[in-house]
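Assemble the complex: chain D is given as a structure, and chains F, C and P must be docked to it using the hints.
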Amino acid sequence: MFTLVNGLTTGMAVFLVAAGLTLVFGIMRILNFAHGAFFMIGAYVASSLVGSAPRSVLALVAAAVVAALVVGVLGIVVQRFVLRRIQHVDEHYMLIATFAVMLVCVGFVKLVWGLEFLSVDPPPGIDTGVDIFGLFVPSFSLFIIGSGIVVFLVLDFVIHRAWAGKMITAIARDGWMAELLGINVPAGIMAAVGGSFALAGLAGGLLLPNQTLSPALGDTFLLLAFITVVIGGLGNVRGAFIAAILLGLIDGLNTMFLPAYPGVAVYVGMVAFLLMWPNGILGESRL
Amino acid sequence: MNRTISGALLAVLAAALVLLPFWANSGLVFLAGTTMVVAVFALSWNLLFGYAGLASFGSGGLFSIGAYTMAVTLRGGYEGQFLLLIALSTAIGGAVAFAIGVVALRRSTGIFLAILTLALAELLRITLAKIHWLGAEDGIPSIVRPKASIGVATVDLAQGNHYYWFLCVACALLVALCWWIAHGRFGRTLRTIRLDTERAAFMGVDTHRYRLVAFTISGAIAACAGSLFAPWAQIVTPDIGNMMRSTQPILFTLLGGASSFWGPMIGAFLFSAIEFSTRTLVGIQEIITGGILLGVVLLFPTGVAGAWNALVARLADPYRAEAKAKATTLRPVKE
Amino acid sequence: MIRLHSVDKSYGALKVLHGIEAEILEGETFAIIGPNGAGKTTLFKVMTGEVGCEAGTVEFLGKDVTKEPAYRRTRAGMGRTFQMARIFKEMTAEENIVVAIEARAKNMGQRDTPWYQVRPSRATVDEAGEILARLSLERKARIAAAQLSHGDKKRLELGITLAGRPKVLMLDEPTAGMSPSERVGVTELIRSISGKGSGLTVIMTEHDMGVIFGLADRIMVMNQGRKIAEGSIDDIRADPVVRDVYLGKEAHHA
Amino acid sequence: MRLNRRHFLTTSAAGVGALAMPGILRAQQGEAVRIGLITTLSGPGQLYGNYIKDGCEIAVERLNAAGGVNGAKIELVVRDDKNSPEGAVTAFRELTGNGIKLFAQGTFTANLLGTLPLLEEADVTMVMVGASALALTHEAFNPRAFRLGFSSPMCFGGYGTLMAQKHPEIEKWATLRSDVTALADITNAFTKGLKAETEKAGRKVEVLDPVLVPYGGADFRNQISNIIGSGAPGLFNVLQGADAISYYKQARTFGLDEKFKVLCDSANEFAIAKAMGANTPASLWSWTGWYPAANKGNPVSDEVHKAYIKLRGDEYPNWYIGVSHDSILTIANAVAKAGSLDAAKLIPTIETETPQGALGKIQFRKEDHGFAGDLTYIRFGRDDKNANGWSVFETAQLPGAEFLEKATPGSKLN
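Residue numbers (our numbering), protein chains in the order written: chain D, 1 to 287; chain F, 1 to 335; chain C, 1 to 254; chain P, 1 to 414.
Don't read these hints as lab results, they were simulated from the structure. Certain hints may be false.
Claimed, not checked - In silico contact screen, one side only, chain F against chain D (beta carbon under 8 Å); selected entries:
(1) ILE115
(2) GLU122
(3) TRP165
(4) LEU251
(5) ILE287
Said to hold, decoys possible - Subject to a maximum C-alpha distance of 27 Å in a straight line, what follows is the list of computed DSSO-like cross-link-like pairs (lysine-lysine):
(6) P:LYS200 with P:LYS406
(7) P:LYS261 with P:LYS274
(8) F:LYS130 with P:LYS274
(9) P:LYS412 with F:LYS130
(10) P:LYS345 with P:LYS361
(11) C:LYS106 with C:LYS89
The model shown is predicted, which means the values in this text are computed figures rather than measured ones. Even glycine gets a Cβ: it sits at the ideal position worked out from N, Cα and C.
Extracted from the complex, chain D is given alone in its bound form (with noise of 0.2 Å):
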């Protein structure tokens, strides 16, 4: 049972870095790799602002809002700069690009914030557990859970129901369209795109006191989230959801059913799943 909260736990944490890899693939057609950096730069900004102990939930989620606006900021910077120069070259000069921006990042990190491993702690409030009906449940992960959850919601809804969705979803589907009902291309790009890093630093900010900052944390959770964005569908942001769930399962059952192999599980499962649904579960989307 406790394997299911945590699972769950695990999810919602995948998750929230995986939503925007997704958008970003949605929106842009290319598997970020610097995403994960990205991640790392926005939770490095959160706990600079926060220290090692946040007084209150409240600081937490403001410094994980903060990060999230440094981030954006950061990749429109890239966007505008870098991807949008190559973008009608071959997409895969995107990827080698979206590579070369982690490289510099993971060096940016350890320039500013050097080596040494950072601490933050979860703050009062959600620091300690919760019984319910007889389980033992950290309240940070209800927290992590609690997040994961309002984000896909915030998301879904933005996409399908608001207005900024729709107009998002038509540049992505056609852009030369979209301009010609007077949509401005570049700038709903821009903040579509500006939105998608963004969400990079909020899960990192958000996900800070779950774990200990080192310039190694971006690949700590990219791999998990390229196998959820490819599971779920690229562009997917339902499917992410859904696989994020799925994968923290099978890890968390990969625990308890084979204690001696760690970690496996996840590509196992990947490499079926792949083969059984080779569009992902819920199958692409241009957003």
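Okay, now just chains F, C and P, sitting in the frame of chain D:
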């Protein structure tokens, strides 16, 4: 004109490589040997990507299979049959690639194939790190450089720079093989599949079979490169097939230019040159490598080979080059 | 030549073909017409094997090919072009034809190039030259296909198809997007290829009635996924149902 | 924001200077005594590589200030092994090609295994900095290499012994480690030491099978729940670096401090406290290779400690600082005594000399060039009274020689 300049340059570079041990530092010689092997490895990857339109992110796994096969058989005392061992490693790599291709290619292409192969390579790495018989994480060290006998002549590859020259010959042969595959009828047909799979099918081409064959050949050559690498580095570890290894050929190919046959090799040598010339700037390696990659991508979006072709074409015939450069962003594979 | 028997096809919940029955005879030029969305292109795809069908059978040369993939049908003698010309843009016009000839040669077991030879054989190059000449593209042989004009691209695609020496030539809107003068040229070209005595069967869809009436022996009219009429040009012109749903409206507009 | 600008600039300037030098050509030997340092300066191991570099640079500075070696200055030539054996081999061959005969190399075992077979041909002498893997002094033993590091049976066997002595009341131990084979050796050594000592005292102790976590994981809650569920009052934790800190952080909510009477960390020492500050576990043991406060009265240790504080402003240097300092010291001392860079003369000198280093007397076992220094264990934890939120409660030292494994150079230890 274009071809003459490029050909002359190629010849000069090849000669410089062969003569390297006579004038360069042994570290540079080692790096050059490593680069030759990964250049061939990158070439094998581009055979799949630039010709069949399939992007694998798990090629490092096949490289690893080749390297481990060689390491284990050499440790097992089969040094006498070195050439046979290379063939064996190649065959095993090909067989594994074939098996993966049979299962994976029918169902997934594009990014899904990329992620699938990546997952398989990671699984292989994790598995290798757990097998004590294969040295677990520390791998198999102290691999001997054996004697190679061709008919009557026997060369002791353990001596001096003999293995380096052996690598030169072996890599040249592999490059020639790739060139032949890429430029012959098979390569032409593969290109039609990358350019328009459906159109190719409506010429009566069994696209799935061609892709499978390309996948197998590419895997076999990757494993062959791995098998050549094991006695060169004299140690193999599970990390020999990690994600960095798998992204290596992708970086080299895109840096050099995927649309050119020589692109992956140019990329490999350029990358090594960058790394070597910045080796003393410790601690900011990532920024340097990343910055240079970014610069190349932004300045030469067709890769270095594309930029070179454009430059040579402009020198040769300024007017036509202009028109050509405007008309196509991605140029056909030439040479 | 080709016989369709009660073919059904759906895309999800949308049923686009309802029990199509048709038989195309050897040597004739058979046109499929109908308003946009009538299911012409889908029917094409079912015949060539690009998509499967839920029910019914497709027979080619007396053999049931319903389950056969596209490349096998092509090997058996089908050749098709697409609405939007699909050619290998990065290759030159000549290379486009050469790869098609080589594919055919391999399928038919003709081996004129030794295995070690990299360049295409003399015979292949000569044949490509002939085909390009027939398409009046011989002067553009060395130009990258991407740079050809729209009309030339469609000609080149026809050349790729012809290089496969098909028994039945399937043209999906061969004159779509062409200027009137280009249209005349292509119509002439098709007529010269499929003229009596060539033995070539042609199946085409087309919007331009001038092209249809200039080429077709028999016409099938489709509407909303159903066949509503079939016959000679005169039969179709006289058919009251066709007049109602198709020509009729046009007549009113005119 | 802990970028030390001055240090960064000097590093870069030195780098640019070295770039300009025609290093790729076969250079002739200069006047200075050049020591090649190959360590990990990029990727995941960079943290430790940087410590090693700092320690070595402190040593060079100190030795040169004292007049160098027989009047010649020592020059350190640093290269990155790029976290891979082939990177290490490239660097090694480059430096030997430039005529360097003295080497210090360290962090990862595999990278050392890559260069060890090359020592003979290049005719060089090497000190393996901080290396712990058994293979280096056993199956892969090379007479030209000296291990200035603590083997797993020694420091973790001693660790187990210490725990059996300090906490005889604990009869059940849980163990936790990353899914990495090298860490399995550590766990086994601890278990062996613990059991041997307990049995000697006529008692019994149960050690549970290790709980495994994936290396570089992000969430350890499942494993935490498993371990706490086992009911063992003692825990030996063999996670490394960021993993370990994440673990303690996530485990706190589950009542880590209350559930376990004794918490033992393998070797992360102050990295945990420095990252976690006021949220450090209440009490935590850790092994360390060098702790200045435990070496009071050793002037070298104090000097190195001071130099490090000056360099980085950090009062709690990582143990690699001391070990890497002593590695350079060992080489320099041998060169001074032997009056030559020749390996044939240096090796017997290193074998017999016992220079005073930060770790104490540096002495190698003659048969397999293993090192048997003092073993230091520290207990630290949360302390509200201290400004940084934690302090060191106690230290314990054991003589390493008692725990050093049998010498079997050239073959695997059974």
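Right, here's what the structure says about each hint:
1. ILE115: holds (4 Å)
2. GLU122: With a minimum Cβ separation of about 6 Å from chain D (threshold 8 Å), the hint on GLU122 of chain F holds.
3. TRP165: At 33 Å from the nearest chain D Cβ, TRP165 of chain F fails the 8 Å test, so the hint is violated.
4. LEU251: holds (6 Å)
5. ILE287: The hint holds - ILE287 of chain F has a Cβ within 8 Å of chain D, the shortest such distance being about 3 Å.
6. P:LYS200 with P:LYS406: holds (20 Å)
7. P:LYS261 with P:LYS274: Distance of about 22 Å is within 27 Å: holds.
8. F:LYS130 with P:LYS274: Cα-Cα ~33 Å, so violated.
9. P:LYS412 with F:LYS130: Holds - the C-alpha atoms of LYS130 of chain F and LYS412 of chain P are around 19 Å apart, at most 27 Å.
10. P:LYS345 with P:LYS361: The hint holds at about 21 Å.
11. C:LYS106 with C:LYS89: With a Cα-Cα distance of about 23 Å, the restraint between LYS106 of chain C and LYS89 of chain C holds, given a limit of 27 Å.
Comparing the model with each earlier hint shows violations of hints 3 and 8; every other hint is respected.
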